[in-house]
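Per the working numbering: the sequence shown = residues 57 to 608.
Hints listed in this document are in silico derivations from the structure and should not be mistaken for laboratory results.
Source: prediction; values computed, not measured.
Be aware that one or more of the hints could be misleading.
[What the hints assert, rightly or not] Computed spacing ranges between beta-carbons, pair by pair:
no. : residue 1 : residue 2 : range
1   : D174      : V300      : 14 to 22 Å
2   : P167      : K512      : 51 to 59 Å
3   : F405      : D73       : 47 to 55 Å
[To be verified] Derived DSSO-like pairs (lysine-lysine); straight-line CA-CA distance at most 30 Å:
no. : residue 1 : residue 2
4   : K512      : K442
5   : K497      : K512
6   : K223      : K160
Where a beta carbon is used, it is the ideal one built from N, C-alpha and C, also for glycine.
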Amino acid sequence: VILTGKTNQANTLRTADGLWNISIYTQDQLNDVYLIQKQSLPSAVNNILANYSVAEKGKLTGILGLNYQGTDKTHITQVLNAILVSYSQQNIERRSAETAQTLKFLDEQLPELKQQLDVAEREFNKFRQQYNTVDVTKESELFLTQSVTLETQKAQLEQQVAEAGAKYTAEHPVMQQMNAQLGAINKKIGELNSTLKELPDLQRRYLQLYREVEVKQQLYTALLNSYQQLRIAKAGEIGNVRIVDTAIEPVEPIKPKKLQVLILSLFLGGFLGTLLALLRNMMRSGIKDSTQIENELDLPVYATVPRSPVQESRINILKKKKNIPILAVKNSDDIAIESLRSMRTAIHFALSSARNNLITISGPAPEVGKSFISTNLATILAQSDKRVLIIDADLRRGYLHKYFNLDTQPGLTELLNGQQSLDTVIRPTEVPGLSVISRGKSPANPSELLSSNQFKNLLEQMSEKFDHVIIDTPPVLAVTDGIIISQYTGVNLVIARYAKTQMKELELTLNRFEQAGVKVNGFILNDIQRSSAGYGYGYNYAYAYKANKESD
57 VILTGKTNQA NTLRTADGLW NISIYTQDQL NDVYLIQKQS LPSAVNNILA
107 NYSVAEKGKL TGILGLNYQG TDKTHITQVL NAILVSYSQQ NIERRSAETA
157 QTLKFLDEQL PELKQQLDVA EREFNKFRQQ YNTVDVTKES ELFLTQSVTL
207 ETQKAQLEQQ VAEAGAKYTA EHPVMQQMNA QLGAINKKIG ELNSTLKELP
257 DLQRRYLQLY REVEVKQQLY TALLNSYQQL RIAKAGEIGN VRIVDTAIEP
307 VEPIKPKKLQ VLILSLFLGG FLGTLLALLR NMMRSGIKDS TQIENELDLP
357 VYATVPRSPV QESRINILKK KKNIPILAVK NSDDIAIESL RSMRTAIHFA
407 LSSARNNLIT ISGPAPEVGK SFISTNLATI LAQSDKRVLI IDADLRRGYL
457 HKYFNLDTQP GLTELLNGQQ SLDTVIRPTE VPGLSVISRG KSPANPSELL
507 SSNQFKNLLE QMSEKFDHVI IDTPPVLAVT DGIIISQYTG VNLVIARYAK
557 TQMKELELTL NRFEQAGVKV NGFILNDIQR SSAGYGYGYN YAYAYKANKE
607 SD
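Start from the sequences and build out the full structure, keeping to the hints where you can.
Below you can see the structure in the form of structure tokens.
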């Protein structure tokens with residue numbers, strides 16, 4: 057016996073392992089001997105995790121609910137509240153540590169940069185005292201402005217790379233993207249320096265010294281502002297986590313629930329009877345999980361686009377009206393648009409290593425949402441101050457013109473047939489920065505037109521004229537047009553529709569691209585439904601894909 061104490065109160069025991077607080081609460085008179093065992097930390101943590109769970113309270117609410125089950129209601133309440141306090145404190149400490157790390161980095165950089173600025177200013181003043189004034193031409197002033205801008209961008213980007221290097225490895229996509237941007241800027245600086253070498257020596261020296269002063273001054277000012285802002289932020293550092301409710305002792309136990317057990321028993325027979333049918337239906341249904349695509353095809357899913365109730369209602373009206381409103385314009389905060397907006401970074405990263413800025417949007421079969429994705433993605437890119445062109449290359453059944461309230465003609469068919477000029481087929485839209493080429497009249501030989509030199513030359517011209525060119529293509533398994541187009545483009549994305557597109561379709565689509573020597577960059581899973589209930593979808597590989605009848 058190492059401790060003799062009383063029930064219903066705390067009893068303290070000092071041992072070599074530390075201080076123990078032991079309490080036994082009961083209304084009965086006890087005269088028993090108890091074995092006390094101290095658990096190791098991993099064992100205690102595992103015991104908690106076995107009965108502990110965290111789940112979001114409603115979709116997209118940002119509120120987490122903690123659940124912990126046990127036989128001691130006082131103990132489980134204390135555990136939950138301790139987790140809440142610890143998590144909140146760790147959140148504050150983590151945010152404060154990130155700010156402190158950045159401040160430390162700036163503390164090291166600012167004196168060095170100030171010294172570089174002082175040296176540059178002394179050199180420039182010495183030069184001006186020696187030569188008084190230098191006749192700088194307008195062309196030289198333009199070169200100077202461009203040089204200062206590029207050098208400032210380079211210095212700021214190098215600063216960002218140094219800061220990100222403290223968080224990421226060199227192989228991280230963020231680091232690779234920054235290094236790619238840095239390489240592009242260095243290339244432009246090299247080209248400009250080659251031009252500056254052709255200037256007279258005195259002008260060139262003047263521009264170099266002035267550029268050094270301007271770049272160092274702008275960078276020093278920017279870092280100093282960031283430093284002051286971080287100091288203010290650190291002084292009032294708070295976490296981004298708030299405890300909505302603390303745990304309180306439950307009044308009644310949550311299990312066993314006798315009524316629930318009885319009801320489950322009654323329905324068990326019926327459930328087992330229908331289980332086989334449900335499993336068969338799940339095996340036949342289309343893709344419902346993006347991880348299935350990534351695991352089986354070893355390619356990334358760039359975005360999962362939820363079904364938009366607003367767009368669904370508009371599509372139902374489409375059969376009666378001439379035009380379709382663009383969701384990214386009419387409802388820019390729609391959940392589907394937010395999902396597309398989040399994939400801009402992935403697209404920019406893919407384009408950084410692509411041979412050009414041409415993007416094809418294709419799919420295995422009709423009605424997977426290619427035109428919806430193409431139109432709204434082009435709109436989102438244009439809204440970020442990019443010059444974007446969208447081309448309806450589905451010469452048989454394309455309907456991109458309806459999104460922009462335009463006629464099909466003049467369009468791509470008339471341009472490739474030589475009936476219209478490029479200026480007449482490129483038409484502006486209501487979205488600033490976004491232009492469109494409609495499909496035109498359905499031709500008898502669409503594949504021949506798309507494989508012609510005229511189409512190839514068109515894409516090369518548009519690649520130079522616009523920041524992004526998005527091409528909406530016909531279904532890959534229906535016709536060969538999409539494969540032909542993809543041979544000219546730098547990024548190729550395939551659309552799959554939730555619960556409709558089957559994995560076999562994507563495998564066949566990928567094989568078509570591989571046979572043509574074309575790389576598929578990734579997939580977009582479209583029309584994800586809130587409900588998980590599936591439905592049957594019959595599929596055969598003989599598509600009926602014919603041109604719509606032309607209206608007079």
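Hint check results:
About 53 Å separates the C-beta atoms of D174 and V300, a value inconsistent with the hinted range of 14 to 22 Å. In this structure the hint that P167 and K512 lie 51 to 59 Å apart at CB holds, the actual value being about 56 Å. Taking 47 to 55 Å as the suggested C-beta distance range, the pair F405 and D73 conforms, at roughly 54 Å. Taken as a hint, the K512 and K442 pair is honoured in the structure, with Cα atoms around 23 Å apart against an allowance of 30 Å.
Distance check on the hinted pair: K497 and K512 sit about 20 Å apart at the alpha-carbon level, within 30 Å; holds. In summary, the hint linking K223 to K160 is supported, as the alpha carbons are separated by about 14 Å, within the 30 Å threshold.
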